[in-house]
Amino acid sequence: ETGVTQSPTHLIKTRGQQVTLRCSSQSGHNTVSWYQQALGQGPQFIFQYYREEENGRGNFPPRFSGLQFPNYSSELNVNALELDDSALYLCASSFTGRTSNQPQHFGDGTRLSIL
Amino acid sequence: QKEVEQDPGPLSVPEGAIVSLNCTYSNSAFQYFMWYRQYSRKGPELLMYTYSSGNKEDGRFTAQVDKSSKYISLFIRDSQPSDSATYLCATGSTLGRLYFGRGTQLTVWP
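First to last, the protein sequences are chains R and D. Residue numbers for the first sequence follow the numbering used here, so the first one is 1 and each next one is one higher. Residue numbers for the second sequence follow the numbering used here, so the first one is 1001 and each next one is one higher.
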């Protein structure tokens, strides 16, 4: 069983640039969630995608956007990068069904540094 | 008030000790409770998952939820140096948006 994979593992950008982070969900999973984890803090929910549509959003500005593809993989896009965007970005996948849902399983994240 | 409060530690115990990790939460609508373990430079790994109140045991790990006091606990018996990691509690009213504590850093020394 293949787990959640994220790419790239590390990324360095400068303020004002744009970035795209990628996530492949665990096999059998159809839902992807994205979290931001600042150093020494717990993950903060950005948004979730199910059936290729946003299915819930946390307190993040519109410059954070995402996509989910028919194979359930996902992208997180961040425009106009700010210094405070420096963090570990985590993708989590899970199965959402009509009668049961399952907890989220995480990838190892993309560490984004903004200079 | 944050949705989930967790003492960041650090917590340092000798090998073989019983470890108790705790969180409190504020929203009575939360009914899904999880503990994740995060090693340095890795993503969170799901350890325990419970729905509503009660206890759940898996090997050396026991998770407890007390919804009346909004208190979540994880106990680790016979702790091992390989248990050294950051432990994150998480909860939510659905399995969609999860609210995490800031994590407790645990070190088990031989």
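Mixed in with the good hints there might be a few duds.
[What the hints assert, rightly or not] Derived pair list, reagent style EDC-like, types lysine to aspartate or glutamate, alpha-carbon separation capped at 20 Å:
no.	chain 1	residue 1	chain 2	residue 2
1	R	Lys13	R	Asp85
2	D	Lys1067	D	Glu1015
3	D	Lys1042	R	Asp108
4	D	Lys1042	R	Asp85
5	D	Lys1002	D	Glu1015
6	D	Lys1070	D	Asp1007
[What the hints assert, rightly or not] Between beta-carbon pairs, the in silico distance windows are:
no.	chain 1	residue 1	chain 2	residue 2	range
7	R	His10	D	Ser1082	23 to 29 Å
8	D	Glu1003	R	Ser113	25 to 31 Å
9	R	Leu67	D	Ser1020	20 to 26 Å
10	D	Tyr1071	R	Thr99	26 to 32 Å
11	R	Asp84	D	Arg1060	34 to 40 Å
12	D	Pro1081	R	Lys13	25 to 31 Å
13	D	Glu1005	R	Arg57	19 to 25 Å
14	D	Glu1045	R	Arg51	24 to 30 Å
15	D	Glu1015	R	Gly40	21 to 27 Å
16	R	Lys13	D	Ser1052	40 to 46 Å
17	R	Pro70	D	Ser1082	38 to 44 Å
18	R	Asn59	D	Glu1015	39 to 45 Å
19	D	Glu1045	R	Pro62	30 to 36 Å
Hints in this document: simulated from the structure, not taken from any laboratory. The structure displayed is predicted, hence computed values, not measured ones. Ideal placement from N, C-alpha and C gives every residue a C-beta, glycine not left out.
Cross-check of the supplied hints:
no.	hint	result
1	Lys13(R) - Asp85(R)	holds, 10 Å
2	Lys1067(D) - Glu1015(D)	violated, 31 Å
3	Lys1042(D) - Asp108(R)	holds, 5 Å
4	Lys1042(D) - Asp85(R)	holds, 19 Å
5	Lys1002(D) - Glu1015(D)	violated, 33 Å
6	Lys1070(D) - Asp1007(D)	holds, 15 Å
7	His10(R) - Ser1082(D): 23 to 29 Å	holds, 26 Å
8	Glu1003(D) - Ser113(R): 25 to 31 Å	holds, 28 Å
9	Leu67(R) - Ser1020(D): 20 to 26 Å	violated, 42 Å
10	Tyr1071(D) - Thr99(R): 26 to 32 Å	holds, 30 Å
11	Asp84(R) - Arg1060(D): 34 to 40 Å	holds, 39 Å
12	Pro1081(D) - Lys13(R): 25 to 31 Å	violated, 37 Å
13	Glu1005(D) - Arg57(R): 19 to 25 Å	holds, 23 Å
14	Glu1045(D) - Arg51(R): 24 to 30 Å	holds, 27 Å
15	Glu1015(D) - Gly40(R): 21 to 27 Å	holds, 26 Å
16	Lys13(R) - Ser1052(D): 40 to 46 Å	holds, 43 Å
17	Pro70(R) - Ser1082(D): 38 to 44 Å	holds, 40 Å
18	Asn59(R) - Glu1015(D): 39 to 45 Å	holds, 41 Å
19	Glu1045(D) - Pro62(R): 30 to 36 Å	holds, 32 Å
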